[in-house]
Structures are given as C-alpha cells and as structure tokens.
Amino acid sequence: MSEAGEHTASVASSDHEHEAPKYMLIWLYLFILTVAEVGVALLDVLPKWVIVVSLLAMAVWKAVLVAMYYMHLKFEPSRLRLVAVAPLPAVAIMIIVIMMEYVL
Amino acid sequence: MATIVAEAPGQATGHAEHEQSFLRKYIFSSDHKIIAIQFLFLTLFFLAVGGLLAMMMRYQIAWPDQPIPGGGILPESMVASGYILPEFYNALVTMHGSIMVFLAIMPMLVGVYANYLIPLQLGTHDMAFPRLNMYSFWLMVPAGIITLASFWVIGGAAGAGWTLYAPLSARPDLTGVELGQVMWLVALIFIGLSSILGSVNYITTTINMRAPGMTWFRMPLTIWALFITAILALLAMPVLSAAGIMLLFDQTLGTSFFLPEGGGQPLLWQHLFWFFGHPEVYILILPAMGFVSEILATGSRKPVFGYKAMVWAIVAIAFLGFIVWGHHMFMSGMNPTLGLSFTVSTLLIAVPSAIKTFNWMGTMWRGNLKLHTPMLFAISFVALFAIGGLSGVFMAATPVDIYIHDTYFIVAHLHYVLFGGSLFALFGAIYYWFPKMFGRMMSEKWGKVHFWTTFVLYNLVFFPMHGLGMVGMMRRIYDSTGYAHLEGIQDTNQLITVAAFGLYLTGFIFAFNFFWSIFKGKKASRNPWDATTLEWQTPSPPKHGNWDEVPVVYHGPHEYSHPDVLDKDWLAQNERPDVVSPAAGSH
Amino acid sequence: MDWALPPNYSTFGVQIDQLFWIIFVITGIAFVLVEAGLILFIVKYRSRTGHKAYYTHGSNKLEIIWTVVPALVFVVLGVYSAGLWADIKNPSNMPEGAIEFEVRAKQFEWNIVYPGPDEILGTGDDFEVLNQFHFPAGEPVIVYLEAEDVIHSFFIPELRVKQDAVPGMRIPVWFDATQTGEFEIACAELCGLGHYRMEAAVTVHERADFDAWQASRALAQ
Amino acid sequence: MAHAATAARPPERGLDVYTQKVGMWVFLCSEVMFFAGLIGSYVVLRFGASSSWAEPNEVLNVTVTAINTFILICSSVTMVKAFAAAEAGDQKGIKTYLLATTALGALFLGVQVYEYYELIFHQSWAGSHGFTPQAGLYGATFFTMTGFHGFHVLLGVICLGWATIRAYQGHWGADNTHGLEVLGLYWHFVDLVWIILFTIVYLI
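Protein chains in written order, with our numbering: chain H, 1 to 104; chain D, 1001 to 1587; chain B, 2001 to 2221; chain P, 3001 to 3204.
You may find that some hints are simply not true.
[As the list claims (entries may be wrong)] Simulated pairs of lysine-lysine, DSBU-like, Cα-Cα distance not exceeding 30 Å:
#  : chain 1 : residue 1 : chain 2 : residue 2
1  : B       : Lys2061   : D       : Lys1308
2  : B       : Lys2044   : D       : Lys1445
3  : D       : Lys1568   : B       : Lys2044
4  : P       : Lys3021   : D       : Lys1025
5  : D       : Lys1543   : P       : Lys3021
6  : D       : Lys1448   : B       : Lys2052
7  : D       : Lys1370   : B       : Lys2052
8  : B       : Lys2044   : D       : Lys1308
9  : B       : Lys2061   : D       : Lys1522
10 : B       : Lys2106   : D       : Lys1370
11 : B       : Lys2044   : D       : Lys1370
12 : H       : Lys22     : P       : Lys3095
13 : H       : Lys74     : P       : Lys3021
14 : D       : Lys1445   : B       : Lys2061
15 : B       : Lys2044   : D       : Lys1448
16 : D       : Lys1523   : D       : Lys1448
17 : H       : Lys74     : P       : Lys3095
18 : H       : Lys22     : P       : Lys3021
19 : H       : Lys48     : P       : Lys3092
20 : D       : Lys1523   : B       : Lys2052
21 : D       : Lys1445   : D       : Lys1520
22 : H       : Lys74     : P       : Lys3092
[Stated by the list, open to error] Which stretches of chain D does chain P cover? Using the computed rule of at least three CB atoms under 8 Å from a CB of chain P, they are:
#  : region
23 : 1196-1204
24 : 1245-1253
25 : 1258-1268
26 : 1403-1413
Treat the hints as calculated values from the structure; they're not laboratory data.
Note that CB positions come from ideal geometry on N, CA and C, so glycine has one too.
Model the full structure from these sequences, guided by the hints.
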C-alpha cells in the first residue's frame, strides 16, 4: 500500500517509441473530423440533440487525439498521465454542480 | 556545542553563483531560502497592516458615537471630523479580510514555508524552477503596492467585502467605490499568477526531486500538507482568476456576466468564487496542520500518531474541499435541493478533521513534552482549532445556519480557524524554524511572554463573538446600536475592542523579539530542537545549494525515542541504521 | 450580553433552537474532551529528566474508533438537518393557503407589497408601505423576496428567518408567527454604505387587528 | 520499517520524466481550470439560465473560423514535426518546421483579428450596428473566451519566434530537444482548447 506508486512502474518509460509518420495520419483524422463537424453543424438536418451530442463527441475525440499523440501522452508513464487528467474531475464537478443550480 | 557554520562557499553544489552582486544575491535572488525570507518580511508587514485595519474597525464597532483618536491624520474621505465614514468602514472590512487572506496568511504559509522547507526537507539543492520562484515573489510585490495604493485613490479602497459579491462589487454607482474595486481585482490577478507559478514549482519539486530513499510515505507531514495545498491552489486559483477577469470586464467594459439587467447571474459569481474559496480555506489551514504535526512530534519526542491516517486525512480534506463550496451559499437563494447535498459533504469533511485532532492528542499521549515556545503555539493550535472546528458544525447543520449565517458567530468561527488555527501555527513555525533561517535562536523568555499574552487576549477577543452571534449581531455592520434586538451588547463589544488593542500590542513583543534575535539572538546549533527531518542536518543557516552531497534517507520522518537508539531520543532521517551506535550521537 | 438566542416567535424556530442546543451539547462534550485531554497531557507528560517517551506509531483500533464515532454522529445530524431544512426552505413544502406578501429590497430600504383586502398579490387593491411589515399571527405567511440593485438579506432574528434577496430572482420564504409582537427586519448581507441602517419595523397582529390595519391602509392609498 | 541500508541510491524516481516536462504538465492543469472557469460560465449562462441566444452561424462567420481551425491544426502538426526533426538531429527540418509553425500561429492570429474587425464594425446585432463585448451575454462570453485563447496563442507565437531564432543559431538538436518538447506541449494545449472552443462557441 505504502509504496504503491513505486511498483506500478510504467512499461513504456523510454520516451519516444512512436514512429514519425503517424503524425500525418493524426493530422488527417483531425482534418476529417473538423470537416465532419462543420458539415453536421451547417447542414442542420439532424435533430438538435443528435447534432449537439455528435459535435461534442467529435470535439472530445479530436482533443484526445491531440493529447495522446501530439502531446505524447500515449507514450508517457502512467503516472504522468495521472497528472494530466488530474484537473478533469474538478472541471466536471464545477460545471455539473453549477448547472444543477438551474436544471434541478 | 558550537556549530561549524560552513562559511566556505559550497563548491560541490554545482551552482556557480557565489560571486554574485548584492542585488542578485539578496534582492533578485533565485535561492529558495532567500525568497522564503523575502516572503517572510513582506507578509509580516501585511500582517501588521491588516491588523491595523482591524483595530480601526473594532474602535468603530465599540464606540460608534465617538471620534477615533488620531483619526485626524487620515484624509477627509476616510475619517470626517474624527468619525470613521461608513464607506471607509466598508473598505476596512473588505481590505482587512483581503489583505489577511491573500497577502498575509496565504503567502506566509506557502510563500515562506513551502519555499523554505520543500527543498530542505526533501533533500534537494533548490526548487525545480528557481527563476520561476523568484518571479512568484516579485509578482506579489506589485500586488501589495496596488492594494495599498487603492486606499488613496478617489472613492477609496474596495468596499464590497472580500467575497466581492456581484452586483455590489461590479457597479461603482452602488458602492461609491470607483477605482479601488478595479485595483483590488488587478492585485488579485497578480496574486493568482504568483500563486500558480509557486504551486507549479512546489508540485514539480515534490514529485520529481526527492532525495534517494525519500519515498512518498517518508515525507514529513509538512511536505505532505504543502504538496496537497499546492495542488489545491493550482486547481482553485485559476478559477478565481477567470471569474475575477469577468468581474473586471463587468466593472470596466460594460459587460454583464454577473449583472441581472444584462441577463447575467449574480449567483454564478458566488458559485465560482466559492469553488475557489473553499479550497482556499484549506489552503489556509492544511500547511498549518503540517507544521503542527511536526512541532508536536518534536516537542513530544514521539513519532506522529497514525502518520498514514494523517496523510489520508489531508488528502480527504483536499478532495472534499472541492465539493463543499455550496455551504457558504445556503442562504444565497441557491437551489434548496442542492443545499442538501452540500450539507452531507460538509458534515463528512468534519471526519478527517476529527481524525487529525485526535491523532495530535495521540502524539502527545505518553510523550516527554518539552514545552518550548513553538510547542506551546502548536498545542494551542490544537485547542483553538478544535473550537473552530466544532463551531463549524453549527453552520453545517443548515437549519441552524439559517439563524447564524452572516452573524458574528461566523466571524468567531473563521477567526478561530484562521487566527487561532493558521496564525498560531505560523507563530509556532516562525519560532521553530527561525534558527535554521537566521542561524540564531529567538528569545525563549520573550517568546513565552508573547505566547501567553496572545493566547489570553486572543480568547478574550474572539470567544465572546460566539455570544454576539447568538444574540443575532450581523457581520460587517458599521453601527449596531440602532437595532432593538442588539441592545445591551455594547459592553461586550467594548471589552472585545480593548482586548483586541492588547492583542495588537502583543504583536510588538513578537516583532521586537524577531528583529532583536536576527542580530543579537543566541547562536543556533545545527539542530537545536533535536529534530529528525533533513533540514536540521545542515548548518544553520544552510548555504546556497543546501547540500554538498544529497543526503540518503533511511527512516520515516519522525523517529523519536526509538527503543533501539540508546544515547539520544531521535534518529535523523539520513542516519544510516548500521552506523547508529551508542557513541554516534553528536549534537 | 446574554449568551442566549433571542426569544423565538416562530413555529419552526422551536426545532431550529432545539437543533442548536443539541449540537451545543454534542460539540460541548467534544470540546471538554479535547481541552481537558490537552491539559491533562501537558501536566502528566511534561518532560522529566531521564524519562523517555513511549515509542508508538499509532493504534489502528483507536483511529478507527475516532473515525467511526464522529462519522456516525455527523450522519445522524445530517439526516435530521436535511429533513428540517427541506421543510423550511423547499418551495414544494411551503404551506398552502398562506397569506402572501412581496418584499422588494433596495439600497437601503424594504418595500413591502401588501395583497390588500382580497389577499391576492397582483390585483388592484395591492398597496406598498415602506419599511413597515405587518402581518397576522397564527397562520402561515409567504414572502416573495426581490431585490432591485444588489444582494440584500432578509433577516428577522425572532422568527429565525433569513434569506438573501437576489436581483433577478424571486425567492419565496415562509414562516408562521406563534404570537403577536414587534421586531425588526435587518439586512444581513453587506449591501453598501447604508447596510448598517437598512432596517424595517415588523408588527405581528392578531388576525382581526391585521384586517383592520390593512383595510385602513388600503383606503388611504 | 525498512532498514535496508545500501550505500548509494539513485534519487527517487518521481515520474520518470524530466522536470521541465512535469512542470509544464502541472502548469497546463492550472490552464485547464482557467479555461474551465470561462467555458463553464459560458455553458451556465447560455444553457442553464434560459436566456435568449442567437444561433452562432447567424452572427459568426463559421466558414472563416473553420479554415482558421484548420490552420491551427496544421501548426500543431508542424510543431510536432519540428520536435521529431530535433530528435533525429535534422537541422534543416527543425528550422523549416519551426518557421512554419510560427507563421501558421501568426496567420491564425491575423485571421482572428480580421474576424474581430468584421464583427465589431460590419456585423449587426439585435438591430444595432456592431457585435461587440457589450452585445449582451453572447458578445461578452464570445470575446472573453476567444480573446483569452488568442492571448495564449500570442504568447505561444512569441515563444515560437524565439525558438525559431534559436534554431537558426543551431541551438536545438538530438541532444537538446527538451525545450522544443515543452514548448510543443503548450502549443498543442492551445490547439486543444481551440478544438473545444470552436465546437461549443461556433458550432453548437
């Protein structure tokens, strides 16, 4: 228990095992997703809630791609990933609870 | 025994900075110890300023119908023909709170001690980012100057309370304060930036720069507390900055984020403010808890009782700290259903506080108590924090809060935690680490005089405030004599004021002792308290770079009175177990 | 100054005061335990030469006890508080058939809108009185709080009532005075220069007296 | 009680990552909270507190901003390419990609300035001329969020400019990649924030 952090040594500790060409592939994904987002929003044929949910999903997808590949989180030790996601619970709590003020 | 103060410039430290000009060495220094001492002087100054504002407030509350002595030296916009004006009183209320929280207590806990102790207690040469550390101090200076200057601009200093509730804080036409409110927000943004830079440093250093053997659960509780505090500040301060910027735009650009006329939401300000504000409350108490744990262990000559429980309690307090902010808003018009969940989380947070209190008592139990000044302050921290914690239960119980919210009961509660808690711990910490900082001891005799006068007068000032709250005296009122339900409380108010003046004067005993000891105090040895943590294994004061060779840690942080160690009652963290023998002790 | 809550004139005030004193007893016990313990330890374990402290890293049993006991006490307190809180503050629990008023707070006065003899707000016989709040005893009263400029807080100590009035919101507050009396509304939230003198008179009448008073005021409008 | 006394031990492992990178990630945590404060307020003001809100594409020029988004995404890929070039010791690649990143960042800012100009002087809002920060909550939240993002881009471009100059001095290389990686983290974060902002401000 005490030194739990010590033992969960991450496997991929060496920084950069990823190969460079992938960057362009991610760029292509990002480009396609952006086009898809603009298309969904501007065509405006789907029901409103479908549009909102799909747009948010695509935005999160893009954000995760950037964080994982461009910011190398995929290749970092898990403990650094923990640092990176640390504020997300606080963000969720803040926005959800303040929204409850109005929605409840 | 006289110490060998290694005056030879540290050659093995790898810092090629000994040939520095005075300016680089003492003013724009990036040495964490110098920065800590700079913070110490700055924050002691603001402590004195904040106290002075409180004295003026107390005079007004006690004798609203009499001119304040010496009021003539203040301009007519503050004190007209000897009487404190209501607008100046509001400025006093606001700036007393703001200065104490943001420019005195918080930077004293974090700026001084996180800076000083994290590298020393973890066994590293300096902070991870020394220059960033320097910026963090030099951002506080303009913040302080802007704050002080705001008293002298037209309209006076900010007057909407330290909580800056919109719309009052956003509309100059409703407060009569024009520039002061804006200046205070600008200062706040500087403070936020300073605090974020500091936190980045503290967190990175703690995570990544611990000495060999200094595992997470061998870190002194002070470090745990400061580390968790830094996380709180890192996640909470930016929210205040964001909210503060929106409020600033409301004031200056004509937006209406928080103004209902333009569709804005006054309650949104309160949510954002308290989302920051409650973690801030723990920023103001957790480091104090860390200092106290350490001083109590050293003074009791015993390991901290339930070290791991103490660590988890700190973590739990910090985590729960992010989900209890609504308890500041029970009467604000917040959705009552939301109030329910905040009640539960608030009562839950009392549990780790209880654990800590009982574990401190457990630390003292069957100890060998050395009642020196730091120890006296630490014990009284436990006594007074218990009162502040228990009075908090009244507010957490929402139905009771309906009555006591925004009364002097709250004032009593928050001062028991902030003054009886944080400041007592800070006094303890100053006495305790003074020898390490300045190489000399503070006078023990005057320390005790300071302690006893402070302790007695402090309780005379703040304990009766519980009673004022029960009677129903509202906070932040300029004159309470106009209310029928407040008849007959003026005697108490006058007693409090007289005691408060006395309390302020005890500060001079401290100041005298502090400055006298810097120059004339008894020379301190490396380890005057026979303490175990790493900073005591260096010369007093440690040289630039702290260590010739980084120490190796073999023990937990508070190994006192170990039965296998015969010649002394402590075991330094870096003492090799196989070397410790009856002849090895030297101090 | 007496160390006492002011006399209570409100129905739910009885429970609030009860809860206050229950917490007072619980925290009082904890207070005595902690402070007496500290004093005892200071006297008993004061440093003596040749004495060595007892070496221990803690006791799981003790720590579990002082985790679980406070947790249980707080859960019980929380559940009880939650019920009472919902009764007092939740709009869906507000009594039906109550007489309704509107209170508009602004710097630094309380504007009371009376429903008039028909006892319905928003009709032609409504009238406003500045800084004077009259209402009947012995029946529930609902006040709709509004604020025109900044946040104020509607506080009547004797009725154990407090609620912020927020600009842009209309917040209902209810209470039921048990007997007649004269008190004051105080403002409990810093609202500007005149915060300290933002008070209004409260008069609780018998029903008949209230009807008579309201009729006379309605005529005068 | 671990009494295993070994003579020389390496420092505690921490995160197995060099300190500057840890520091940047920790700093980015605070940036997340800053933007969460701004975006959260926007979400609450727009969706929570039932106020009237115009459809984004009636006011904003979504097409231009979509192109601008694409520019920022491109700058992210050139940034990461610059870092890869540094790791490979490819001096020419470092210079080219850094210069491209700086240029794309500056271009993004330029387009944003153009967008602001058009909105403030040529767009109409609620019957009056000009969509400004004073144009209700919509204008206030729009300019605050995009403005602070733009400010972050500006800081990034300044740092990138500095890094580019250093690149021409031969500063970066296979043995000196940390600075580029840390700067890259900041730059990708700014991109990431824009991805979120673009979606919730311009599209939803």
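Now for the hints, and whether the structure bears them out:
1. Lys2061/B to Lys1308/D: Within the cut-off at roughly 14 Å; holds.
2. Lys2044/B to Lys1445/D: It holds: about 23 Å lies between the C-alpha atoms, which stays within 30 Å.
3. Lys1568/D to Lys2044/B: Satisfied, since the Cα-Cα distance of roughly 22 Å is no more than 30 Å.
4. Lys3021/P to Lys1025/D: holds (28 Å)
5. Lys1543/D to Lys3021/P: Status holds; Cα separation ~28 Å.
6. Lys1448/D to Lys2052/B: holds (25 Å)
7. Lys1370/D to Lys2052/B: Cα-Cα ~12 Å, so holds.
8. Lys2044/B to Lys1308/D: holds (27 Å)
9. Lys2061/B to Lys1522/D: Cα-Cα ~45 Å, so violated.
10. Lys2106/B to Lys1370/D: violated (58 Å)
11. Lys2044/B to Lys1370/D: Holds: Lys2044/B and Lys1370/D sit about 12 Å apart, inside 30 Å.
12. Lys22/H to Lys3095/P: Answer holds: Lys22/H to Lys3095/P is near 21 Å, not above 30 Å.
13. Lys74/H to Lys3021/P: Given that 30 Å is the threshold and the Cα spacing comes to 15 Å, the pair holds.
14. Lys1445/D to Lys2061/B: Outside the cut-off at roughly 41 Å; violated.
15. Lys2044/B to Lys1448/D: holds (20 Å)
16. Lys1523/D to Lys1448/D: holds (19 Å)
17. Lys74/H to Lys3095/P: holds (26 Å)
18. Lys22/H to Lys3021/P: holds (22 Å)
19. Lys48/H to Lys3092/P: violated (49 Å)
20. Lys1523/D to Lys2052/B: Within the cut-off at roughly 28 Å; holds.
21. Lys1445/D to Lys1520/D: The hint holds at about 14 Å.
22. Lys74/H to Lys3092/P: Distance of about 28 Å is within 30 Å: holds.
23. 1196-1204: holds (count 6)
24. 1245-1253: n = 4 at 8 Å, threshold three: holds.
25. 1258-1268: It holds, with 5 qualifying residues against the three required.
26. 1403-1413: violated (count 0)
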